[in-house]
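For the protein sequence lines, the chains are Z, H and A, in the order given. For the first sequence, the working numbering assigns the number 482 to the last residue and increments by one with no breaks. For the second sequence, the working numbering assigns the number 850 to the last residue and increments by one with no breaks. For the third sequence, the working numbering assigns the number 948 to the last residue and increments by one with no breaks.
Hints listed in this document are in silico derivations from the structure and should not be mistaken for laboratory results. Treat the hints with care, as some may be off.
Cross-link-like lysine-lysine pairs, in silico, DSBU-like; alpha carbons within 35 Å at most [to be verified]:
1) Lys618/H <-> Lys858/A
2) Lys211/Z <-> Lys948/A
3) Lys211/Z <-> Lys253/Z
4) Lys258/Z <-> Lys858/A
5) Lys618/H <-> Lys550/H
6) Lys180/Z <-> Lys858/A
7) Lys470/Z <-> Lys772/H
8) Lys436/Z <-> Lys679/H
9) Lys211/Z <-> Lys470/Z
10) Lys550/H <-> Lys591/H
11) Lys220/Z <-> Lys948/A
12) Lys258/Z <-> Lys948/A
13) Lys371/Z <-> Lys214/Z
14) Lys858/A <-> Lys62/Z
15) Lys682/H <-> Lys470/Z
16) Lys180/Z <-> Lys258/Z
17) Lys371/Z <-> Lys804/H
18) Lys772/H <-> Lys948/A
19) Lys470/Z <-> Lys948/A
20) Lys858/A <-> Lys84/Z
21) Lys214/Z <-> Lys195/Z
22) Lys180/Z <-> Lys948/A
23) Lys233/Z <-> Lys62/Z
24) Lys84/Z <-> Lys253/Z
25) Lys470/Z <-> Lys618/H
26) Lys470/Z <-> Lys550/H
27) Lys214/Z <-> Lys948/A
28) Lys772/H <-> Lys804/H
29) Lys864/A <-> Lys948/A
30) Lys470/Z <-> Lys301/Z
31) Lys258/Z <-> Lys211/Z
32) Lys436/Z <-> Lys618/H
33) Lys62/Z <-> Lys948/A
34) Lys682/H <-> Lys301/Z
35) Lys365/Z <-> Lys180/Z
36) Lys864/A <-> Lys211/Z
37) Lys772/H <-> Lys679/H
38) Lys195/Z <-> Lys948/A
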Amino acid sequence: MTSHIEYERRYDVVVIGAGPAGLASATSLAEAGLNVVVLDEQTAPGGQIYRSATRSPISDPKILGTEYYRGAELVAAFEASGAKYVPQAIVWSVSPGWDVGVSVRGHSFLISADAVILATGAQERPFPIPGWTLPGVMTAGAAQILLKTSGVVPDGEIVLAGCGPLLWLLAAQYLRANAKIACVLDTTPRSNWTKAIGYLPGFALSPLAAKGAKLLLEVKSSTRVIANVDSIKAVGESGLNAVEFTRNGTTQKPIGAKTLLLHQGVIPNVNLSMAIGCEHVWDDTQLCFRPVTDEWGETSKRGIFVAGDGAWIGGAVVAEHAARLTALKVADRLGKIAAGELSNRASRDRAAKQRLVRGRAFLDKLYTPAKQFRVPEGETIVCRCEEVTARQLRDVVALGCAGPNQAKAFLRCGMGPCQGRMCGVTVTETIADARKVSVEEVGYYNIRFPIKPISLGEFAAIPTTDEAMKTVVRELPPGVTS
Amino acid sequence: MTVDPDVVVIGGGVIGSAISLGLAMRGKRVTVLDGADIAHRASRGNFSLIWVQSKGLGMPGYADWARKAALSWPVFAEQLERLSGVDLAFIQPGGLHLTLSEGELEARKRVFIRLREQCGGVDPYPWEILDAAQVKRMLPEVGPTVTGASYCPLDGQANSLRLLRALHIGGNRSNVSYRPLHIVTTIEHRGGEFVIKTDKGTFTAGKVVLTAGHDNARLGPMVGLDVPVRPQKGEILVTEKVRPFLYYPTINVRQTDEGGVQLGDSVEETGFDDTVDLRVLSAIAGRITKMFPLLENVNIVRTWGALRVMPRDGKPIYDQSKTCPGAFVATAHSGVSMASVHMLEVPRMIAAGALDAELSCFTSERFQ
Amino acid sequence: MTRIASCKSRTQVKFQFNGETLTAFNGDSVAAALLASNAGPFRTTPVSHAPRNPYCMMGICFDCLVTIDGVGNRQACLCEVTDGMQVETQLGRRDIAK
Numbered sequence: 001m002t003s004h005i006e007y008e009r010r011y012d013v014v015v016i017g018a019g020p021a022g023l024a025s026a027t028s029l030a031e032a033g034l035n036v037v038v039l040d041e042q043t044a045p046g047g048q049i050y051r052s053a054t055r056s057p058i059s060d061p062k063i064l065g066t067e068y069y070r071g072a073e074l075v076a077a078f079e080a081s082g083a084k085y086v087p088q089a090i091v092w093s094v095s096p097g098w099d100v101g102v103s104v105r106g107h108s109f110l111i112s113a114d115a116v117i118l119a120t121g122a123q124e125r126p127f128p129i130p131g132w133t134l135p136g137v138m139t140a141g142a143a144q145i146l147l148k149t150s151g152v153v154p155d156g157e158i159v160l161a162g163c164g165p166l167l168w169l170l171a172a173q174y175l176r177a178n179a180k181i182a183c184v185l186d187t188t189p190r191s192n193w194t195k196a197i198g199y200l201p202g203f204a205l206s207p208l209a210a211k212g213a214k215l216l217l218e219v220k221s222s223t224r225v226i227a228n229v230d231s232i233k234a235v236g237e238s239g240l241n242a243v244e245f246t247r248n249g250t251t252q253k254p255i256g257a258k259t260l261l262l263h264q265g266v267i268p269n270v271n272l273s274m275a276i277g278c279e280h281v282w283d284d285t286q287l288c289f290r291p292v293t294d295e296w297g298e299t300s301k302r303g304i305f306v307a308g309d310g311a312w313i314g315g316a317v318v319a320e321h322a323a324r325l326t327a328l329k330v331a332d333r334l335g336k337i338a339a340g341e342l343s344n345r346a347s348r349d350r351a352a353k354q355r356l357v358r359g360r361a362f363l364d365k366l367y368t369p370a371k372q373f374r375v376p377e378g379e380t381i382v383c384r385c386e387e388v389t390a391r392q393l394r395d396v397v398a399l400g401c402a403g404p405n406q407a408k409a410f411l412r413c414g415m416g417p418c419q420g421r422m423c424g425v426t427v428t429e430t431i432a433d434a435r436k437v438s439v440e441e442v443g444y445y446n447i448r449f450p451i452k453p454i455s456l457g458e459f460a461a462i463p464t465t466d467e468a469m470k471t472v473v474r475e476l477p478p479g480v481t482s
Numbered sequence: 483m484t485v486d487p488d489v490v491v492i493g494g495g496v497i498g499s500a501i502s503l504g505l506a507m508r509g510k511r512v513t514v515l516d517g518a519d520i521a522h523r524a525s526r527g528n529f530s531l532i533w534v535q536s537k538g539l540g541m542p543g544y545a546d547w548a549r550k551a552a553l554s555w556p557v558f559a560e561q562l563e564r565l566s567g568v569d570l571a572f573i574q575p576g577g578l579h580l581t582l583s584e585g586e587l588e589a590r591k592r593v594f595i596r597l598r599e600q601c602g603g604v605d606p607y608p609w610e611i612l613d614a615a616q617v618k619r620m621l622p623e624v625g626p627t628v629t630g631a632s633y634c635p636l637d638g639q640a641n642s643l644r645l646l647r648a649l650h651i652g653g654n655r656s657n658v659s660y661r662p663l664h665i666v667t668t669i670e671h672r673g674g675e676f677v678i679k680t681d682k683g684t685f686t687a688g689k690v691v692l693t694a695g696h697d698n699a700r701l702g703p704m705v706g707l708d709v710p711v712r713p714q715k716g717e718i719l720v721t722e723k724v725r726p727f728l729y730y731p732t733i734n735v736r737q738t739d740e741g742g743v744q745l746g747d748s749v750e751e752t753g754f755d756d757t758v759d760l761r762v763l764s765a766i767a768g769r770i771t772k773m774f775p776l777l778e779n780v781n782i783v784r785t786w787g788a789l790r791v792m793p794r795d796g797k798p799i800y801d802q803s804k805t806c807p808g809a810f811v812a813t814a815h816s817g818v819s820m821a822s823v824h825m826l827e828v829p830r831m832i833a834a835g836a837l838d839a840e841l842s843c844f845t846s847e848r849f850q
Numbered sequence: 851m852t853r854i855a856s857c858k859s860r861t862q863v864k865f866q867f868n869g870e871t872l873t874a875f876n877g878d879s880v881a882a883a884l885l886a887s888n889a890g891p892f893r894t895t896p897v898s899h900a901p902r903n904p905y906c907m908m909g910i911c912f913d914c915l916v917t918i919d920g921v922g923n924r925q926a927c928l929c930e931v932t933d934g935m936q937v938e939t940q941l942g943r944r945d946i947a948k
């Protein structure tokens with residue numbers, strides 16, 4: 001077994017995550033002469049979007065598309081930069097100082113740094129429909145990871161359902177790989193078009209437009225796409241057998257399928273920034289909580305930065321530019337940028353980022369997921385870990401439960417190993433819906449460390465103090481002195 | 483038009499909910515005013531033991547009250563489960579306080595001996611000091627560094643989160659009017675009535691009961707009650723769900739009916755800071771891995787810091803106002819242990835308008 | 851599930867799932883290896899004993915928990931499969947001795 005002792009415990013900057021934001025910021029920081037380490041959960045750099053970019057077994061590059069191979073360029077630059085890379089590193093805490101608690105293959109230790117960049121990216125928005133916990137139902141992102149890392153695709157009939165760019169990208173990749181798509185159930189609400197249309201000019205001018213149009217054409221020309229789907233149910237006993245759905249409120253003939261791939265956009269991965277105590281806001285356009293950051297990505301906690309989709313969903317290329325801006329600011333703070341140079345050096349990435357951000361508004365409006373797919377009712381499971389249903393949640397709200405933390409106490413939703421990642425926004429939005437108040441008023445789970453499970457032994461290995469020991473040895477009951 | 487309640491209970495934690503339910507069961511119209519979702523809620527952070535051993539040192543009346551509470555838990559649990567349909571996972575097999583050195587074990591013994599002396603030479607409740615071999619027979623998973631334990635057969639545990647929910651469901655079914663997100667700003671005693679102003683309206687009642695935890699310190703003086711409580715932090719770790727292995731609760735390790743193992747705890751004077759401290763969690767983890775070595779590889783899925791509502795001497799405060807008759811306060815850091823008497827006994831006294839003599843030792847006069 | 855035709859050749863790995871020998875490739879996660887062999891379920895839940903398979907494949911949903919080489923509740927999507935690895939379905943709650 002590799003001992004944890006090989007790792008240094010002190011860096012100028014710790015970067016968490018090795019997707020586009022993590023790689024770009026670490027590369028810039030190392031090039032600026034800073035001692036930087038990237039802590040990555042995966043076994044190789046790339047994050048999710050560029051997962052296995054340097055080692056995917058897929059031999060035909062057309063299948064995944066040219067944009068995927070941008071990842072290999074980022075990794076090459078990163079590897080040449082001198083930044084340190086630690087794979088299979090699970091970050092589970094960041095405490096003031098800053099000390100980053102990380103677990104590497106079963107050993108935990110603390111790494112201290114002047115600045116920490118959270119490049120933890122996004123996760124797919126929960127898609128709580130009846131039957132979404134059945135084997136055979138997974139996210140489109142999960143399916144794409146299987147394709148990128150192992151060239152694995154579902155055999156038999158596949159149904160893709162939801163909305164958003166990733167769904168169409170996966171459909172195209174599957175078609176190129178000769179996977180058998182039974183159909184795509186498009187849940188984009190028709191009314192979204194009227195909300196999005198005003199943003200079309202900005203989108204048309206951005207590089208996203210041509211790319212998107214081509215992708216849609218590619219999918220729609222060779223597979224069945226059913227639009228205006230307004231409810232979906234995954235049916236089966238020990239695994240998925242069929243997908244039931246309605247279109248414009250009318251029940252359609254169920255589709256027999258062994259695989260249902262769900263996607264309705266991505267949201268920032270906020271567990272770490274929440275646990276650190278950074279201020280967050282509800283983003284009304286992207287319908288998610290996100291950390292409040294300044295133009296450089298610095299949060300309300302000085303020295304804690306968020307780069308990329310963890311701060312605001314803009315996609316891989318926006319993340320790259322944003323991360324370089326963050327790196328510049330961190331380098332400036334640590335004395336590596338000549339006085340007065342910061343703004344000048346930021347101009348290129350800032351401009352490039354701005355162009356893409358303008359195009360994003362259209363996508364956000366067009367692909368806003370419908371309420372019924374975000375705010376469930378009845379026996380639909382909300383919390384996958386503790387198997388809490390929407391009905392149970394609404395029942396405790398009727399009892400007077402005002403927010404997610406009381407709901408957690410009453411129902412255990414959010415208490416399982418995923419620590420609320422798969423139910424957090426759903427619970428908040430459902431409570432807001434049931435109480436008929438805003439999401440801001442409802443708030444979010446109080447997230448605490450460890451943000452990923454680590455063993456008790458790993459906790460015990462973290463340095464303690466005599467003072468801390470004294471607080472836990474109870475010779476007499478509290479409040480009683482001998 | 484709405485009818486004024488007979489009693490307004492301020493605070494919807496495990497103490498306020500038990501008392502308000504008990505009052506409603508006695509036919510009283512009760513309104514509960516509760517705080518925000520993110521308020522410091524000791525009821526959501528506790529360790530969920532029904533714990534007798536050690537209680538009452540320095541106050542024999544508390545030992546008697548704790549014994550009574552433990553003995554009434556079976557009846558209380560049955561009534562509440564029937565009313566709410568919620569399984570409280572109550573068990574009372576007796577509990578252990580494990581020790582890791584001869585000094586710690588000796589200290590445990592001293593507690594019981596002093597208590598006996600203070601109670602006129604009679605033990606207020608049964609206890610035993612167990613040696614390592616006896617502990618091993620009861621808890622086969624303990625490690626070799628465990629030197630022994632103190633044991634009290636009245637100790638037990640429940641699922642405190644379900645207890646809180648059951649009390650809320652019970653209250654709802656007994657017509658308790660529960661008002662969350664109502665922050666009390668002032669309480670005035672006018673013409674024999676209490677006028678309670680909140681950020682969402684005014685409530686009037688003949689009686690008011692303060693069960694607002696930390697906020698009792700602020701609210702008490704409004705009705706002539708001195709409630710010297712302070713926050714005292716305790717940190718807890720919880721494991722992933724594991725198969726049952728721990729059939730007796732211990733003071734700092736207990737397995738919930740769902741499977742998670744709660745590992746505690748610390749005693750810290752950090753004011754209203756409830757954040758977790760890795761050094762303290764590490765210290766807890768270190769001790770627990772000595773007590774139960776097999777837990778070393780089990781994953782921790784959650785930790786938390788919660789703020790005990792700690793009266794100055796650690797004992798509960800039950801009091802009634804002399805200047806504002808009809809105002810009561812109840813606070814204790816053992817809301818789960820005392821839940822039975824809070825539903826079965828205290829409401830009878832409040833309804834009657836005066837606390838029983840048995841509670842006279844708990845008034846805040848003792849601090850003067 | 852299945853492997854697409856357009857794949858580079860990689861070193862084969864043999865591992866066991868619930869005692870049955872399965873084949874995967876070097877670099878596969880345990881989750882990908884099991885899914886490619888249509889093996890499952892990965893786990894049954896501690897709450898209702900319902901069967902589950904991976905949902906997110908990126909380490910956040912904890913639905914891919916399996917027992918690996920005698921250690922319970924391991925995330926199959928974050929572990930690479932190795933030759934001779936013993937993988938078992940995670941049946942409900944973990945045993946503290948495992």
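Which of the listed hints are not met by the structure? 1, 2, 9, 11, 15, 17, 22, 24, 27, 28, 32, 33, 36, 37, 38
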